[in-house]
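Please build the complete structure, drawing on both the sequences and the hints.
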Amino acid sequence: MSDIFQCGDEGALVAYLYDECEPHERETIAAHLKRCLTCSSDVESLSATRRTLAAWTPPDMALGFQITRPQEVGPAKVLERKVPWWSAPLPAWAQAAAAAVIFAAGLSLGFARTGAPVQAPSRDGEALTSQSRPTTPVVSRDELAQLEQRLKAEMAQIKSAPMTPVATHASSDDAVMQQVKALLEQSEERQRRDFTLRMVELAGNIETQRRVDLASVQSRMGQQQGVIGTELRQQREAIDRVNNYLVTVSERGR
Amino acid sequence: MTSTDEELVARAQGGDIESFNQLIVRWERPIYALAYRVIGREEDARDVCQDAFLRAYRALPGFKGQAKFSSWLYRIALNLCRDWIRRQRRAPVSQMPEDADATELAAETGPVESIEDLVARREMSAIVERAMSALSEEQRTAIILKEYHGMTFQEIADMQGCPLSTVKTRLYQGLSLLRRHLEQEGQLTAELVKRV
Numbered sequence: 074m075s076d077i078f079q080c081g082d083e084g085a086l087v088a089y090l091y092d093e094c095e096p097h098e099r100e101t102i103a104a105h106l107k108r109c110l111t112c113s114s115d116v117e118s119l120s121a122t123r124r125t126l127a128a129w130t131p132p133d134m135a136l137g138f139q140i141t142r143p144q145e146v147g148p149a150k151v152l153e154r155k156v157p158w159w160s161a162p163l164p165a166w167a168q169a170a171a172a173a174v175i176f177a178a179g180l181s182l183g184f185a186r187t188g189a190p191v192q193a194p195s196r197d198g199e200a201l202t203s204q205s206r207p208t209t210p211v212v213s214r215d216e217l218a219q220l221e222q223r224l225k226a227e228m229a230q231i232k233s234a235p236m237t238p239v240a241t242h243a244s245s246d247d248a249v250m251q252q253v254k255a256l257l258e259q260s261e262e263r264q265r266r267d268f269t270l271r272m273v274e275l276a277g278n279i280e281t282q283r284r285v286d287l288a289s290v291q292s293r294m295g296q297q298q299g300v301i302g303t304e305l306r307q308q309r310e311a312i313d314r315v316n317n318y319l320v321t322v323s324e325r326g327r
Numbered sequence: 544m545t546s547t548d549e550e551l552v553a554r555a556q557g558g559d560i561e562s563f564n565q566l567i568v569r570w571e572r573p574i575y576a577l578a579y580r581v582i583g584r585e586e587d588a589r590d591v592c593q594d595a596f597l598r599a600y601r602a603l604p605g606f607k608g609q610a611k612f613s614s615w616l617y618r619i620a621l622n623l624c625r626d627w628i629r630r631q632r633r634a635p636v637s638q639m640p641e642d643a644d645a646t647e648l649a650a651e652t653g654p655v656e657s658i659e660d661l662v663a664r665r666e667m668s669a670i671v672e673r674a675m676s677a678l679s680e681e682q683r684t685a686i687i688l689k690e691y692h693g694m695t696f697q698e699i700a701d702m703q704g705c706p707l708s709t710v711k712t713r714l715y716q717g718l719s720l721l722r723r724h725l726e727q728e729g730q731l732t733a734e735l736v737k738r739v
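Residue numbers (our numbering), protein chains in the order written: chain A, 74 to 327; chain B, 544 to 739.
Don't read these hints as lab results, they were simulated from the structure. It should be emphasised that the depicted structure is a prediction, and the values quoted were computed from it without experimental measurement. Watch out, some of these pointers could steer you wrong.
What the hints assert, rightly or not - Cβ-Cβ distance ranges computed for the label pairs, FRET-style:
1. B:Arg601 <-> A:Gly81: 44 to 52 angstroms
2. A:Val290 <-> B:Glu659: 58 to 66 angstroms
3. A:Asp286 <-> B:Ile658: 53 to 61 angstroms
4. B:Arg572 <-> A:Asp92: 51 to 59 angstroms
The beta carbon of each residue, even a glycine, is placed where N, CA and C say it ideally should be.
See the structure below:
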């Protein structure tokens with residue numbers, strides 16, 4: 074800046090504003106500002122503008138950048154942003170452990186649902202699992218042997234039994250068909266009866282509702298008529314009063 | 544004892560990543576603030592900030608200490624901001640909400656500041672941001688570097704690659720334009736009245 078300050082020198086005024094000028098230059102400008110209203114008001118308004126700028130604050134943003142050196146990659150460097158622990162990705166060992174736990178839980182749940190035996194670590198655990206599993210009957214070896222023998226005996230009886238004639242089968246089929254037809258007719262009859270009963274019931278309900286609505290409408294109409302009648306009566310009375318008044322006034326006029 | 548930037552830079556140049564991370568902790572807020580004020584978008588400002596540190600780290604072997612580390616870092620960030628603006632080819636967009644949500648604001652209030660004060664501060668910040676977005680990129684950057692980062696005229700001139708007189712002109716004209724915008728918003732009158 075030149076030693077001689079010229080009025081309106083923007084550079085000099087800015088230097089004065091930010092106090093980036095030599096002391097003697099500052100004194101010169103300060104002296105000028107005392108005399109010059111234009112420059113002094115200019116500097117004053119620019120100072121006010123600067124004070125207003127202090128209000129501008131950038132939003133609070135989570136940063137936390139960091140240079141990291143991944144071991145797998147070797148010498149390459151990666152710039153990462155720190156993230157909260159709850160949103161940070163788990164390390165591989167933790168992911169594997171979590172997967173194993175979930176798998177084990179699912180496996181045990183699957184066993185419990187299908188009734189497969191679950192090894193419980195304690196007596197209490199055993200009690201719980203036995204309650205949760207469906208109970209299966211315990212069959213002994215002797216009972217199984219008895220069942221086998223009974224089945225064999227029945228099979229032998231079936232083999233030794235005489236062949237049933239075909240005609241018998243045919244007659245039994247007719248009987249079955251007749252029974253089926255009878256059952257169908259009974260079913261249809263029952264459905265018809267139910268339908269008729271429902272229709273009658275519905276018609277009764279509709280009739281009841283219609284009567285209720287009608288009564289309600291009549292009641293409202295009566296109320297309305299009463300109101301109208303009252304209003305008409307009041308209007309007639311008012312007209313009568315006016316007529317009387319007119320008659321009285323006309324008589325006085327005579 | 545806190546290490547100086549120069550000491551941390553020297554250690555980082557020797558391969559000490561943690562020293563560079565300390566520099567990041569020290570400078571990430573100012574760099575983010577610079578980027579946000581220049582480009583006006585939160586997420587993009589964060590990306591620019593991250594990119595600036597990454598570039599600085601990569602270029603660290605070539606940093607000979609001719610300038611302060613912070614000035615060097617600011618220059619990198621400013622170049623990235625310029626690139627961003629060129630890509631966008633538009634003026635910075637204010638992200639300030641038109642109507643502040645009282646519930647959100649209530650959560651932000653500190654023990655001293657009332658919600659009313661906070662709302663007023665946010666509104667004022669939005670007004671200034673809108674007024675700043677009306678300036679040219681050069682004027683806005685000069686004012687930001689001067690007002691919010693305390694740089695000297697010479698440092699700004701070096702940063703912007705222009706003569707000292709140009710920086711002063713940009714500052715004067717930028718502030719004058721801001722004054723007019725703020726007067727239109729009715730803010731500067733209040734500030735002047737407050738001053739009187």
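Against the structure, the hints:
no., hint, result
1, B:Arg601 <-> A:Gly81: 44 to 52 angstroms, "48 angstroms, holds"
2, A:Val290 <-> B:Glu659: 58 to 66 angstroms, "60 angstroms, holds"
3, A:Asp286 <-> B:Ile658: 53 to 61 angstroms, "57 angstroms, holds"
4, B:Arg572 <-> A:Asp92: 51 to 59 angstroms, "26 angstroms, violated"
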